[in-house]
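Following the hints, complete the assembly by docking chains B and C onto the known chain A.
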Amino acid sequence: MTTPIQVMPQAAPARKPPSVQKEDAMWLQKEMITRNYHELASAHAEGRKISATFVPGNLNELLMCFDFVRRLPETDALQNGMRKKSGKMIMDAERDGHSEDVCTYVKTDLGMMLQGEFGPTGEPMPHPDVLLLSYTGCFTFMKWFELVRQKYGCETLMLHVPYQGDAKISPNMREYVVRQLKDKIIPALERISGVKFDIDRLRGYMKESAKAEEDLVRVLQSAKHRPSPIDGYFGGVYYIGPMFTAFRGAPEATRFYAMLNAEVQERMRQGKGPMTPEGELAEEKYRLVVEGPPNWTHFREFWKMFYDEGAVVVASTYAKVGGVYDFGFRHDPERPLESLADYCLGCYTNLNFPQRIDMICRYLDEYSADGLLINSIKSCNSFSAGQLLILREVEKRTGKPAAFIESDLVDPRYFSAANIKNRLESYFQMIKQKRAAAVH
Amino acid sequence: MNTPLKDIIARCEGLFEDLRFASVQEWKAAAPGRKAIGYMPIYVPRELIHAAGMLPVGIFGGGDQMEVIQGDAYYQSYICRIPRSTVELGLTGRLDCLDGMLFPSICDVIRNLSGMWQIMFKDKYVKYFDVPQDYDDAIGGEFYVHEMQALRDDLARLRGAPVTDDELRASIAVYNDNRRAIRDLYAFRAQQPWQAPTVELYLLLRAGCVLPPEEHTRLVREYLAAAAAEKRTKRDNARVVLTGAFCEQPPLGLIKSIEMAGCYIVDDDFMLVMRWLLDEVPEQGDPLVELSKAFLHRSAQTPSKYDDKKEDKGKYLLEQVRTRGAEGVVFASPSFCDPALLERPMLQDVLAKHKIPYTAFKFAENTGQMAPIREQAGTFADSIKLWSAA
Amino acid sequence: MKTFIGIDLGSTTTKALVIDEARNVLGRGITNSRSNYDTAATIAKQEALVNARFHLFREALGRTGALNGSLEDFLGQLERDFRLEQFVEQLADLEHTCRRNAEGTRFGEAAAAVGTALEELFRRLRGEAPELFAPGAKRKSDFFRDIAGSRYLAQGETLARETGVRYDMLLNVFDRSIIEVENRIYGESISKHLLAALDRTFAAMPQHAARGERIRAPIQGMLDMALEEAYVIGTGYGRARLPFSKEHVRSEILCHGLGAHVMHPNTATVLDIGGQDTKAIQVDPNGIVESFQMNDRCAAGCGRYLGYIADEMNMGLHELGPLAMKSTKTVRINSTCTVFAGAELRDRLSLGEKREDIMAGLHRAIVLRAMSILARSGGIRNEFTFTGGVAKNEAAVKALKALVFENYGEMTLNINPDSIYTGALGAATFAWRAVTEEGKVVEHREAA
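Residue numbers (this note's numbering), protein chains in the order written: chain A, 1 to 440; chain B, 441 to 830; chain C, 831 to 1278.
If we strip away everything but chain A, and leave its shape as in the complex, we get (with noise of 0.2 Å):
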């Protein structure tokens, strides 16, 4: 590690438990979640206003400008699911008239409310002022903070994203997007905040965010590197943790970035493989491209199943759930409105079937992957509704394998490991056994 921790005094990372290995950025950003939390419970009492927003299309820059505290009910979710706390909350939720069916990030946000509204660290989770209904790639969101307004009574505002049905960014969508910002959303924010937009500050917190944005691309694209220093989804998840949610535009997340990228490359230099909980890889047998969520319940012993057998994942499509980097789009300063509708209508899961397909080709080639691996998630119908024309496509196209294994993202109930396990390993085996037949 070159780069000292001290760039943040503040927050300088709790002592490492002997049992879990992790890179310094890892401990660095779970600290950061943890004050967020911490933040949260305290807003309130310290006159704070708290908004809440979905991870895509999260506009993080904008709600600073407000002064609101964020929340992320995803990442609630997922943290409580990380925490083995999101069986009971579902449960409860479906005790309470939700359907089994529909999505258990829904349930879990909803179970945490009616077992005494305390968030994943245990601190209180008091109800946000704002619900910033950005209706991004999914259309649960819309249900979600209806569900939430219809029982808490937070205002809510939607601002209504639209699809990128023929692949493309229309000036009609960009300038609707926009529309709506402006007459809608900043002066709405104004009221519930009491505070007045400056366009100017908005404008600085874009610019940290570019900064930060070309780090984490320089970090994902390590990857690209023969070993990989990274595991692109496992370990994404840590690296996109402060980009996605409450942190991307402030400067500690730009220090955050500036580390890890510093940290990444350090060990691309010194050819190390990419860290896993239980140490550094040390062969790097497969390199996977993946699509889908990960499981959050079992989120460990996921990722042992891929590192045991040397896997490594070099690209996913998730570790651009919140923001698609790779191809050059940026927070531009310049023109800023037209910028945050442009990051809107660019999430991964608001681009098209095509375009999707595209993406995941084009990881496979330039990433020197084995295969592809889809991880289905029961909940989750925006990824995988038609992953499986997903898989054809894409093996027809690059003559590379793909898998298919099925969980989801925070129900205990739908991770079977053993299954899991025994499609991962056949996988792994045929292409081994692949790259033999292509050498006889």
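There are no misleading hints in this set.
Listed next, with one range per pair, are the computed distances between beta-carbon atoms:
#  : chain 1 : residue 1 : chain 2 : residue 2 : range
1  : B       : K671      : C       : K1159     : 34 to 40 Å
2  : C       : E1267     : A       : E283      : 20 to 26 Å
3  : C       : A967      : A       : E283      : 54 to 60 Å
4  : A       : H44       : B       : K793      : 25 to 31 Å
5  : B       : D606      : A       : H44       : 57 to 63 Å
6  : B       : G725      : A       : E155      : 34 to 40 Å
7  : B       : D676      : A       : E155      : 46 to 52 Å
8  : B       : W827      : C       : R996      : 58 to 64 Å
9  : B       : E654      : C       : E1142     : 50 to 56 Å
10 : B       : A792      : C       : S1180     : 32 to 38 Å
11 : C       : R1162     : B       : A578      : 52 to 58 Å
Since the hints were made in silico from the structure, they are not lab data. Glycine included, every Cβ here is placed at the ideal spot set by N, Cα and C.
Just chains B and C now, kept in the frame of chain A:
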């Protein structure tokens, strides 16, 4: 000479059962250059297709008489059935008579299907048709007019000639007439549900998915005349609104089962496309602007459409209950239907506050077991009668 | 002699298969998978090796012509006698174990009576043992647990009636003891049993006594020949629990693909419907897996579905197929959900549909699911090989044939009578390749 009721119903049944869409093929064959454009639930402005001289064809899945093999290959077990059977229809050539397909903004599954369709049917016109979730004329309206204009331009290209404002106005008039007929049909059923069993109303609506609107309007009016003249026994049924079946369709047997079990369905959300716009669309002025205004300010509520204010939740359903004199609500939602199932608790909450009884179950378009549904609907009808007697 | 062994640890049965250097199948063995997978694997392997010895006897004796015309009768008798010897040894072990388990305080005052009863019970079991292995005797199963268990229960019941010893006590002793016994391995006894069996066979077939030496010599020769286990590969559902290193384990997908290719070299698509899952596998002309798909969490496409239906109908699993074959029209069953299928089935029955027609519909439903999984994996290509427990169900095969024809046209459909050994055969072939093609199977990452 009036057409006898049984002939009207037999014709509708024939159209409903024909998964090769012979009537569409015949319509196309009747004049050179005719084109047909398919659309999925919930809503598309059919006026545009009609104005381009094309036939709008509603594709509402494959029903319970079709085996799904290839369609199943694309979907996990936790996804609803309508995209499977729709893919099956497409891959088995049953939709070859369509020159294009519109996928309206309804849910993630249908949204993704639009892109799958682009890949699977490369030679067809395919469009994801977005509708606004912002209801200001200057914002959502602007966007929507542009979306409609884009569709209009595409259709003009397919047709090889522009779609004029006058053509659009004429089509608006045709659909206004159709909507009037359907409003009359719904009013008639609500007044005398024993004279217009829902299964007949349903088949009439399905006929409207494949027939030209002018012909469909005539058919609905013929039905109204014939049904009014029929002698049918009034039963002591409970009056219910059925809601949730706005996309994937229940099998006919399920609709019959509910009514046989003692519930008259007096309103529903089947084929909302035909009743989406709640009143007349002005036949003068800028046609796209008028269609947009009708959409933004005078259209039905459904789970895929955002409710601007908390107070708006359930308004349309309450209105259905009130105006039709319903005594309860039956939630019939397709399994794995995110919009319907996520909306349900909110609507139930509203109904509970208004002391309106409800019951709920799930179905799939190929649901085979009716006994539990008969049982549940029967119990619901009985309990409504007990409540009203108390 | 060098041999290569594949072991397929399934959820209900464990299979082993032995091949020689020329990749001839020498022997097959099967046993019930038990709590201890290690034992199951060992016993299956042992069975396969015994089977291999018989194969070698047949070859050796065939060459000498000593048993011209009655080779099969002789070997049949020898095998029955061998099974009897094995059975008697295990029965002695069971008796010993039962009596030990009956001691102590568990049965209080009844302990002595139970002990006496056990002595008598086992005397009778020993007495009737030869009948069990007599020519033409029908056994429901060849597993010791099943044979000994059914006879123990029958004799125990009689004895309890005769002597007044409580039947549940006898049952209790058996249940405790059988697990111990079936997890013991009698590896060293095989030669001994074979020689003892040979004596029994000559006694039973005195007409061959004159040529005793000409028969004994080649058998002894084959018996003395060491069967060297050059390489073992494990596969199947329980493979992770085998005490093998990773190098000796292959996924069942790979083994199934290769096994099907070895059985039917023109195989391009494999469908396997087992109790736990359904697999669709595409293989290249060398038996290398190109892609695969398995059923998702839904059980509708696999054997379990039929098991569930059998329970619903209060029928045996093996009765479903024959009943469905009597159907004259197929009732459409729509539920792809295992649980709903039960409700739908009752609905249809109450509507007056015939049981056989509903059964035909259910078989079509399960095959429809398999067709989807096949479509997911890339469709059906010629030739098409069908394996797994459901491949033995004639109604399922009939439905599959019809659907394949409707959707893909004329195809060659292979169903091998030994299809249960497909995975084991693939594993054995991998073992053979690991040795004979060593150097070629090591990983070449750059080539990918």
